[in-house]
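Visitor: Going down the list, the protein sequences come from chains A and B.
Numbering follows this note's numbering, in which position 97 of the first sequence is assigned residue number 97; successive positions increment by one, without gaps.
Numbering follows this note's numbering, in which position 209 of the second sequence is assigned residue number 209; successive positions increment by one, without gaps.
These aren't lab readings, by the way, just hints derived from the structure by calculation.
Even for Gly, the Cβ is constructed at its ideal location relative to N, Cα and C.
Hints may contain errors.
[Claimed, not checked] Now the stretches of chain B that chain A is said to cover, found in silico as 3 or more residues with beta-carbon under 8 angstroms:
#1 164 to 174
#2 244 to 250
#3 337 to 351
[Unchecked claim] To give an idea of the interface, some chain B residues facing chain A are shown, with a C-beta separation under 8 angstroms as derived from the structure:
#4 Cys33
#5 Asp127
#6 Leu198
#7 Leu282
#8 Trp299
[To be verified] Away from chain B, derived, C-beta distances all over 10 angstroms, residues of chain A:
#9 Gly9
#10 Val22
#11 Met32
#12 Asp88
#13 Asn89
#14 Ser96
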Amino acid sequence: MNDSTLLAGRGRRLFATLIDLVITPVVGVAIMLVTGILESAEAYASTEQTITRLLLLAMSSYLVVNGWLLFSRSQSLGKSLLGIMIVDNNSGEPASFWKLILLRLWALPLIYLSVIPFALIIPVLDQAFIFGKSRRCLHDYLCSTKVVKRP
Amino acid sequence: MLHTSTLLPALIKLVAWTALSSLVASTSAYANCENTDIKPGLQQLFSKSWGTEYSGERFQSSANTSINADNASTLSLKWAYGLSTDQPRSYPLVTEDTLFIGDGGRGLVALDKETGCVRWENNSIKDISTSIISEQVDGRTLLIFSGRRSGVHAVDASTGDNVWSSVPKVHPVPLFSGSPLAYKDTIFVPISSLEIGLSANPFYGCCTTSGGMAALDVRTGELLWYRPTIEKAGSVITGKHYLFVEKRGPSGAPVWGAPMLDTQRDLLFFGSGQNYSLPASLTSDAIFAVHTKTGEIAWVKQFTADDTFNMACTISIDHPNCPSTMGPDVDFGAPPLLTQRLSGQDILIAGQKSGDVYGINPNTGQTIWSTRFGRGGPLGGVHWGIAANPELGLAFIPISDIPAFPSDVPQAPGLYAIDVKDGSLRWSVEREASCQERSCWTGLSAAITAGPNIVVAGAMDGILEIYRADNGEKLWSYNTKTEYDAVNGLPTKGGTLDAHGPMLAGNLLIVSSGYGSFQQEAGNALLVFSTAQEQTP
Numbered sequence: 001m002n003d004s005t006l007l008a009g010r011g012r013r014l015f016a017t018l019i020d021l022v023i024t025p026v027v028g029v030a031i032m033l034v035t036g037i038l039e040s041a042e043a044y045a046s047t048e049q050t051i052t053r054l055l056l057l058a059m060s061s062y063l064v065v066n067g068w069l070l071f072s073r074s075q076s077l078g079k080s081l082l083g084i085m086i087v088d089n090n091s092g093e094p095a096s097f098w099k100l101i102l103l104r105l106w107a108l109p110l111i112y113l114s115v116i117p118f119a120l121i122i123p124v125l126d127q128a129f130i131f132g133k134s135r136r137c138l139h140d141y142l143c144s145t146k147v148v149k150r151p
Numbered sequence: 001m002l003h004t005s006t007l008l009p010a011l012i013k014l015v016a017w018t019a020l021s022s023l024v025a026s027t028s029a030y031a032n033c034e035n036t037d038i039k040p041g042l043q044q045l046f047s048k049s050w051g052t053e054y055s056g057e058r059f060q061s062s063a064n065t066s067i068n069a070d071n072a073s074t075l076s077l078k079w080a081y082g083l084s085t086d087q088p089r090s091y092p093l094v095t096e097d098t099l100f101i102g103d104g105g106r107g108l109v110a111l112d113k114e115t116g117c118v119r120w121e122n123n124s125i126k127d128i129s130t131s132i133i134s135e136q137v138d139g140r141t142l143l144i145f146s147g148r149r150s151g152v153h154a155v156d157a158s159t160g161d162n163v164w165s166s167v168p169k170v171h172p173v174p175l176f177s178g179s180p181l182a183y184k185d186t187i188f189v190p191i192s193s194l195e196i197g198l199s200a201n202p203f204y205g206c207c208t209t210s211g212g213m214a215a216l217d218v219r220t221g222e223l224l225w226y227r228p229t230i231e232k233a234g235s236v237i238t239g240k241h242y243l244f245v246e247k248r249g250p251s252g253a254p255v256w257g258a259p260m261l262d263t264q265r266d267l268l269f270f271g272s273g274q275n276y277s278l279p280a281s282l283t284s285d286a287i288f289a290v291h292t293k294t295g296e297i298a299w300v301k302q303f304t305a306d307d308t309f310n311m312a313c314t315i316s317i318d319h320p321n322c323p324s325t326m327g328p329d330v331d332f333g334a335p336p337l338l339t340q341r342l343s344g345q346d347i348l349i350a351g352q353k354s355g356d357v358y359g360i361n362p363n364t365g366q367t368i369w370s371t372r373f374g375r376g377g378p379l380g381g382v383h384w385g386i387a388a389n390p391e392l393g394l395a396f397i398p399i400s401d402i403p404a405f406p407s408d409v410p411q412a413p414g415l416y417a418i419d420v421k422d423g424s425l426r427w428s429v430e431r432e433a434s435c436q437e438r439s440c441w442t443g444l445s446a447a448i449t450a451g452p453n454i455v456v457a458g459a460m461d462g463i464l465e466i467y468r469a470d471n472g473e474k475l476w477s478y479n480t481k482t483e484y485d486a487v488n489g490l491p492t493k494g495g496t497l498d499a500h501g502p503m504l505a506g507n508l509l510i511v512s513s514g515y516g517s518f519q520q521e522a523g524n525a526l527l528v529f530s531t532a533q534e535q536t537p
């Protein structure tokens, strides 16, 4: 079996990402309401303060939705539903948890930057790499990971 | 299929093109004076505050302007400058040879008064939203102004170098919309709040902050005292929505108009806005008199009770942050002014967005007389500023009456001259509609200014006019809503006349045209007019 047959299809990756993009904010809103992280004037005291809180909210939402799945099965919720998983690019083993959290975790929130005109280039650049021969996004290259069909 | 080998060069080209475009755009706006080593002259300053004098009358006497009822008809455009914003919100300071003004994203610029070329520019503060005022500190002249969110700034008038910047920590989200006033080593800074807009977010727990007046040390920008308009803002939880989001109050009563100063009584007068959230306070839509040394309240008089309104209500009155008992939003944006009756007695005059105008005893806050023009509403009635001519004993009241809330009261946009003694109407000017669109509404929202037997008023339809102060005869008119060959080469056009309005300084009449807000016509023209036969007062 050659490597390209193991690689997850672009369509599955796209749908998995779309599922994560929809589910994560829904959970994020719930976290925002319970914690009040964006409810008070202090959250808007400076642009840095607002962005920091938004990032914290995004990260915590992602972890609540995907944390256990990433730790135990190297999958996000979307990837789990679509039967694909993240593995180390060299060994083909499930990617280490620290890599998924510290390096790869940023990929999803980056997509939300698409709404900011000048920041749009970052998620576009990241996602555009999927059209390469090895079907790896830029964040896959940075984390030395790839996404494959779950055996 | 698109591969990385073809994608990367394309992306590099895109980034390079964006950078090049930005560079071209920024350099084309430069028009430096031939000799930038010549420092701005600072011997003759044509205004002390947003209100011209400390008293806030916005009256330029014949000692400070040569433009009058006899020569106003000869005014013509001297030069136009293209501002780097389509919503100019800065009011200039003029000296014998220089005009200082906030130029949108470009920062603060010092323009040659004769030609409009740039003597110096300070690019560090890009949100200047107020008048530029000055104060002498240790032998040098400081320019003082506020940035909408960046706080209060002091810049050396000779060089344009930053001296200090200060964001008074009076609450988490201060807005600096109102022009500061400097007097005897103290700067008085009006404080508003970003919560007026944050309230539109349904997940925001509206609201906990109060407007107020801050006093800063002119040497350092250090906070000396702060007078909130509401004590214990946000201390009452009035309900919850979405299970968790707490509604709080009282809040609001922002100060977004300039203060004015009574140097005899050592009192600072200013107006407050509406409450943002329930419960309503007794200090919203009020005139305050506070002691200049301590900020202690001498008196405060509320003119409209239970006026609670925020931007959530503009989305829907069912918005969770729109107060259940929504008010008319008729704050005092126009600063009160102190003038004299012809008998010599002082009187404080205040105009409200409701269209009401009050004559007030400056010692007690007691209302001496009141009158009303037009319908009023969230954008006036009286919106940005009134003026007075102490030589004639008249006050001039611009009325906007731009359609906002439904009302049975007829609209009456125009200019009204009243006797300061009793508020009686002396003359009025009803303006003719040039078209029906909102962008050319005939009302007067911008502050007006007065001079030797003249009143200068800019209308929302872009037409700048001068009237005789004693009888309302129209002396001169100029449609600013056109394109200009600007001295700095930027594409430049006029639009709605709004905000700080026109200024008289020496032989010049100065106005910024364009105001891309509230569905009005944007523009970026700084226009400088002079009379045919220029005279120096």
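Visitor: Compare the structure with each hint and give your call.
Guide: Structure-based check of all given hints:
A count of 3 residues in the region 164 to 174 of chain B with a Cβ less than 8 angstroms from any Cβ of chain A is obtained; the coverage claim is therefore met, three being the minimum. For the region 244 to 250 of chain B, the proposed coverage by chain A is satisfied: 3 residues have a C-beta within less than 8 angstroms of a C-beta in that chain, meeting the threshold of three. Coverage of the region 337 to 351 of chain B by chain A is violated [criterion: at least 3 residues with CB-CB distance below 8 angstroms; count 0]. Annotation: interface hint on B/Cys33 violated; nearest CB of chain A at approximately 33 angstroms, more than 8 angstroms.
Using the Cβ-Cβ criterion of 8 angstroms, the hint placing B/Asp127 at the interface with chain A is not satisfied: the shortest such distance is roughly 12 angstroms. At its closest, the beta carbon of B/Leu198 sits 6 angstroms from a beta carbon of chain A; the interface hint therefore holds under the 8 angstroms criterion. The beta carbon of B/Leu282 comes no nearer than 23 angstroms to any beta carbon in chain A, farther than 8 angstroms, and the hint placing it at the interface is violated. With a cut of 8 angstroms, the hint placing B/Trp299 at the interface with chain A is violated, because the nearest CB-to-CB distance is about 29 angstroms.
Residue placement check: A/Gly9 keeps its beta carbon more than 10 angstroms from all beta carbons of chain B (closest about 14 angstroms). The Cβ of A/Val22 lies farther than 10 angstroms from every Cβ of chain B, with a closest approach of about 18 angstroms, so its non-interface assignment holds. For A/Met32, the requirement that its beta carbon stay farther than 10 angstroms from each beta carbon of chain B is not met, with the minimum near 6 angstroms. Chain B leaves A/Asp88 outside its interface by the beta-carbon criterion, the shortest separation being 21 angstroms against a cut-off of 10 angstroms.
For A/Asn89, the requirement that its beta carbon stay farther than 10 angstroms from each beta carbon of chain B is met, with the minimum near 15 angstroms. Under the 10 angstroms C-beta cut-off, the non-interface status given to A/Ser96 relative to chain B holds; the minimum distance is some 26 angstroms.
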